[in-house]
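Q: So the protein sequences, as listed, match chains C and P.
For the first sequence, the numbering used here assigns the number 1 to the initial residue and increments by one for each residue that follows.
For the second sequence, the numbering used here assigns the number 1 to the initial residue and increments by one for each residue that follows.
Honestly, I wouldn't trust all of these hints.
To be verified - These stretches of chain P come out as covered by chain C in the derived footprint (C-beta under 8 Å, 3 or more residues): (1) 322-331; (2) 335-345; (3) 404-417; (4) 438-451.
Please keep in mind that the hints were generated in silico from the structure rather than gathered at the bench.
Bear in mind the structure is a predicted one, so any value in this text is a computation, not a measurement.
Heads up, the beta-carbon is just placed ideally off N, CA and C, and yes, glycines get one too.
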Amino acid sequence: MTAASRHDRIASLRVEIDALERLGAPRREALAFGDKRIDALLPGGGLALSCWHEFAGAGLDLETCAASAGLVARLVAPLADRGEMVWVLRRDDLHAPGLAGLGLPAERLIQVCARDEAEVMAVMEDALRTPGVAAVVGEADEADLVAGRRLQLACESGAATGFLLRRRPFGGSARARVSASAAATRWRVAPAPSAPTAADDPGLGPARWQLELERCRGGRTGAWIVEAWEEDDAAYPLRLVAELGDRDVATPLRLAG
Amino acid sequence: MRRLYAVDEAAAALRLYAGQKATDAMALVPELVTADADPAGDAAALAALVHWCVRYSPAVAADAPDGLVMDITGVAHLWGGEATMLDDLLARLASQGIPARAAIAGSVGAAWALARFGRNRTVAETGAEAALLPLLPVAALRLLPADAAQLARLGIARVCQLAQLPRPQVARRFGARVLTRLDQALGRAKEALAFSRPPTPWFTRLAFAEPISAPEDLARVSCDITERLCERLGAEGQGAARFELAFHRLDGRAEVRVVGLSLPGRDARAIARLFAPMLEDVDPGFGIEVVTLAAERVEPTPERQSLLDGDIAPEDGVIPLIDRLANRLGEDRVWRAGAYPSHIPERAVVRRAPFAPDEAQSWSRARPRPVRLLRLPEPIEASALLPDDPPFTFKWRGQVRRVRRAEGPERLAEEWWRRPPGEIGPAHVRDYYRVEDDAGARFWIFRAGLYGGEVTPKWWLHGLG
Numbered sequence: 001m002t003a004a005s006r007h008d009r010i011a012s013l014r015v016e017i018d019a020l021e022r023l024g025a026p027r028r029e030a031l032a033f034g035d036k037r038i039d040a041l042l043p044g045g046g047l048a049l050s051c052w053h054e055f056a057g058a059g060l061d062l063e064t065c066a067a068s069a070g071l072v073a074r075l076v077a078p079l080a081d082r083g084e085m086v087w088v089l090r091r092d093d094l095h096a097p098g099l100a101g102l103g104l105p106a107e108r109l110i111q112v113c114a115r116d117e118a119e120v121m122a123v124m125e126d127a128l129r130t131p132g133v134a135a136v137v138g139e140a141d142e143a144d145l146v147a148g149r150r151l152q153l154a155c156e157s158g159a160a161t162g163f164l165l166r167r168r169p170f171g172g173s174a175r176a177r178v179s180a181s182a183a184a185t186r187w188r189v190a191p192a193p194s195a196p197t198a199a200d201d202p203g204l205g206p207a208r209w210q211l212e213l214e215r216c217r218g219g220r221t222g223a224w225i226v227e228a229w230e231e232d233d234a235a236y237p238l239r240l241v242a243e244l245g246d247r248d249v250a251t252p253l254r255l256a257g
Numbered sequence: 001m002r003r004l005y006a007v008d009e010a011a012a013a014l015r016l017y018a019g020q021k022a023t024d025a026m027a028l029v030p031e032l033v034t035a036d037a038d039p040a041g042d043a044a045a046l047a048a049l050v051h052w053c054v055r056y057s058p059a060v061a062a063d064a065p066d067g068l069v070m071d072i073t074g075v076a077h078l079w080g081g082e083a084t085m086l087d088d089l090l091a092r093l094a095s096q097g098i099p100a101r102a103a104i105a106g107s108v109g110a111a112w113a114l115a116r117f118g119r120n121r122t123v124a125e126t127g128a129e130a131a132l133l134p135l136l137p138v139a140a141l142r143l144l145p146a147d148a149a150q151l152a153r154l155g156i157a158r159v160c161q162l163a164q165l166p167r168p169q170v171a172r173r174f175g176a177r178v179l180t181r182l183d184q185a186l187g188r189a190k191e192a193l194a195f196s197r198p199p200t201p202w203f204t205r206l207a208f209a210e211p212i213s214a215p216e217d218l219a220r221v222s223c224d225i226t227e228r229l230c231e232r233l234g235a236e237g238q239g240a241a242r243f244e245l246a247f248h249r250l251d252g253r254a255e256v257r258v259v260g261l262s263l264p265g266r267d268a269r270a271i272a273r274l275f276a277p278m279l280e281d282v283d284p285g286f287g288i289e290v291v292t293l294a295a296e297r298v299e300p301t302p303e304r305q306s307l308l309d310g311d312i313a314p315e316d317g318v319i320p321l322i323d324r325l326a327n328r329l330g331e332d333r334v335w336r337a338g339a340y341p342s343h344i345p346e347r348a349v350v351r352r353a354p355f356a357p358d359e360a361q362s363w364s365r366a367r368p369r370p371v372r373l374l375r376l377p378e379p380i381e382a383s384a385l386l387p388d389d390p391p392f393t394f395k396w397r398g399q400v401r402r403v404r405r406a407e408g409p410e411r412l413a414e415e416w417w418r419r420p421p422g423e424i425g426p427a428h429v430r431d432y433y434r435v436e437d438d439a440g441a442r443f444w445i446f447r448a449g450l451y452g453g454e455v456t457p458k459w460w461l462h463g464l465g
């Protein structure tokens, strides 16, 4: 068997497996980051739509879910033109003016406050299946394999993209282990020190996040520092500031300076 | 000229009467206490009383200025009989400080007469009104004052005397008025009452020969009855935003389930689907004999046209989703944020119904706000170098954070128009700072009050991100 034919064979098998996994759905669209250094690692050249993605903070952010909510608001904003957006909460502390400041049309966002974890999953699933919904964000402690698989099926039957924010209930115990997940991608989000354009400006620059792609189905992993574009008409929601070799987000970063 | 409008029992015992000149009454009883008449207040109190009386019967009508009529057909057995029901009603009124007289009779006119001129708490058996009424004065027939005075001039004081007069003569002199009143009192003429809750035309019921109780029967019945009402709604081009399904049990109690829609609709299948999860906890008791469905907030709803370009109309996607969620979780758990013109951060956002008419207003992006706003600001220990400086370090939830970058202050004062003048002061000023710690985490903190005042200012954390 020549190298070329083996390559073809592997490629065709990949397509077959892909089709099996997606129940024969056509190739998914993707939300590109606009930078090859991120997009190249993701299958389809960006954050796949009609899938669900998992985002987790670190440390206190796992409880307050502030930095990850900001990042997700940024990612959801381009989807606003495609349909309705639903945000499923456990605690009603989302501040719409803050989301609007990140470019999300927050006055159109449908907010749902669920009573428990299971209900978050049920509402997310219901919303993902609904035609006319473009994006569903949910805040839950964890989606186990069964719940995650159900979310994936819901994404495929509708046209919506799911975003799961891992959020520990206040006072809940820390879960050290990372369990298996059915998400298309799993990200770890931490805030990163911002840098205003003027060097002597003591104020805050555009928000920055340290983004680590921990797991990516059909892709590779990586870590970056990204920044929100200040301009509203930017083609992409985020701008790559630096690529990180160091994958450990827990240690403070000297690189960003 | 001031006249007495109404008198209480003690005054009546002193021979004072309504319509008497106030000066005469004062001369007779120098220590008389009077209050100005308040017909509007009386009417409001009567309306409230009518509403309260719904606990006895759903059909209550106000009888201005000082009475009310209740249709108790078929409800007295719930109270152990008509007499005990009457006692219960009067005892409850007395405990609220409302003196009252009441009677039960087969016609409105007889009950009116007996309550005002008969023995208090008379319960006239069916057909016994004719025996109880004759000795009452003619005023008990709800006559016009002029007619009553004319009858008195003719020497006719009691109902029996009036009843003995030849009817044509009475009719010639007084018109049909007096005879109608007499007939109404004796139950010979019909009388219409304006009950305070008009029956809705959008109501349907299903009765069963055999009581039902199986869950699948309830589900089927709720589908059938919804279809029936929605067909009628559709025929008249109407839709309703609220449906009330009641299962009436054999023991007289009702299990009621309510479904609300964000937009008026008449899709029977969708409405039945919203009812389905609510039927699980319906307790059928010994069986359900009647099911009723009432539609509320009915308004003209045009037939919808499907979109040609294949787009999904909200009516097919999001609106049913909102309805499902609002009925399952509660209406207050599904909302859209709306901008409210206030600079106070807590008040800048209001909850709107997901499909409330849009007020295309958004928040100003000139002033950055956090992504998360704590419902109550949390106290932090902060240290600043100078009075107007942001803190260089603060402690929140047991963690010390070093401030690397800061923006501010943004001074927010209270809304002065909400307080009486004189109470406004620097104590209610908040200086907000956006700060970023070493790791890049962002906080929205504020100092309440100013330095140099009597109270040392305190630092609070209000938002994150």
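Q: Run every hint past the structure and note whether it holds.
A: Here's how the hints hold up against the structure:
With 4 residues having a beta carbon nearer than 8 Å to a beta carbon of chain C, the segment 322-331 of chain P meets the requirement of three or more and the stated coverage holds. Evaluation of the coverage hint for the segment 335-345 of chain P: fulfilled, as 6 residues show C-beta separations to chain C shorter than 8 Å, against a requirement of three. With 4 residues having a beta carbon nearer than 8 Å to a beta carbon of chain C, the segment 404-417 of chain P meets the requirement of three or more and the stated coverage holds. Residue count for the segment 438-451 of chain P with a Cβ under 8 Å from a Cβ of chain C: 5. That meets the three needed, and the coverage hint holds.
The earlier numbered hints are all upheld by this structure, with none contradicted.
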